[in-house]
Amino acid sequence: MKSLYIATLTAVLVALSPPAWVHHSGAMFDRTKETRISGTVVEFQWTNPHASFKVDVLGSDGKTQTWSIEMNGPNNLIRAGWKRTTIKPGDKVTVTVNPLRDGRPGGWYQGIVLADGKTLGGAGDPAGGEGAAPAPAANHE
Amino acid sequence: MNKPLVLLAAASVALCLAVGSAWPDSQTQGKVAAAPVPLAARPKGHYASLEALPDWGGVWVLDRPPAGTTPPEKPALKGKYLDDYHAWQHDVQAKGGVVAHEGSYCTPPGLPMILGVGQYPIEFLFTPGRVTTHFEAWMQWRNIYTDGRGHPDDLDPTFYGDSIGHWEGGTLVADTVAIKDSLGLSMGMKHSDKMRIKERIHLDKGNPDVLLDEITVEDPVALEKPWVQTLAWKRSRDLQLLEFECAENDRNPVDSSGNTGFKRE
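Quick mapping for you: the protein sequence lines, in order, are chains A and B. Mind the numbering: the first sequence is residues 3 to 143 in my numbering, read in order. Mind the numbering: the second sequence is residues 8 to 272 in my numbering, read in order.
One should not assume that every hint holds.
As the list claims (entries may be wrong) - Distance ranges between label pairs, derived from CB positions: (1) 58/A / 233/B: 55 to 61 Å; (2) 201/B / 105/A: 33 to 39 Å; (3) 91/A / 78/B: 44 to 50 Å; (4) 105/A / 90/B: 35 to 41 Å; (5) 91/A / 157/B: 54 to 60 Å; (6) 118/A / 100/B: 41 to 47 Å; (7) 211/B / 96/A: 41 to 47 Å; (8) 83/B / 66/A: 54 to 60 Å; (9) 67/A / 100/B: 30 to 36 Å.
To be verified - Quick list of in silico lysine to any residue cross-link-like pairs, SDA-like style, CA-CA up to 20 Å: (10) 85/A / 248/B; (11) 241/B / 85/A; (12) 187/B / 114/B.
Hints are computed from structural coordinates only; laboratory data are not their basis. Cβ coordinates follow ideal geometry from the N, Cα and C atoms, glycine included.
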């Protein structure tokens, strides 16, 4: 598998293009896993290079966990249908993320079901886009 | 002596010292050789002449080759540059895919890598004697001077170097030198200070909503042979460039091992 990994890594990294993760490495997220969480939005940051929001999730043990979710930047989110007003504190949402590898409650945004039932998908990886080479971390599994 | 007066006097001395260091005094002024002055950003030419140029209006989004197609040619590194690339590959493998790169600090990639940035569009502005590219990513700009000037001597290496060019019909032919050798040629690959980028930028003959950049990267120190590839962008007349201030919310600090962090707060 090691040689296969090297070959894959080489193949995706030789192009002129920088990695799909143009601003930072995406290695802290497990890109092979998707986790769905439902809860209440408590914060939304509409900022470059990455927007982010937090969701309070009530666990089966009755305790609330705050998930921190990182997204692409506003520029690319706008082009994927997002607005600065798409979510606000108090909204009930269901979010799909690639979870953090270290087990903390957080992840990379992949899609959302909004309070009114509308859905929005992922906005790609930063500077990735359709057909973009995946981040090196994505090939490591 | 009261305290505010002491502070005021100290501040005045500090100010004088600071001013003194920033400005030549009257005795040395006029004796120092004139510093090379960059050419003014108002090159020769007339706006009417722009009418003859092709329509590169709208914004352009990089069109990556679909998965499964022949990958672009690889840079044929040699010597130390090849060894360093192999070391980088092994490092990335050892760290489970973690790639330390300057982008984590909001540093733009410069040329030629910024040409390969997807998703964030670019646009071209034509003014007399130059073509300006705006890159939405990192809010960067690049000038290609088309007023017949040559490259200045003894250039400071920079992120975008010095670009001069001319029009051959609808093709902008550009030549770029003086790019910082600390920047990447491609991921994990460096180039020398002898790198030269030659470009032929034009609309696709079969589809005027596709812009092609035929790029030849020459570097006799780092490359066995010139690295040739063509990038393509698709036009959108419905989008416009948006602001991108990278340092606004840098929530991903990088530690000394290159690991990108994730700030939950």
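Return the numbers of the hints above that this structure violates; sort them in rising order.
2 and 11
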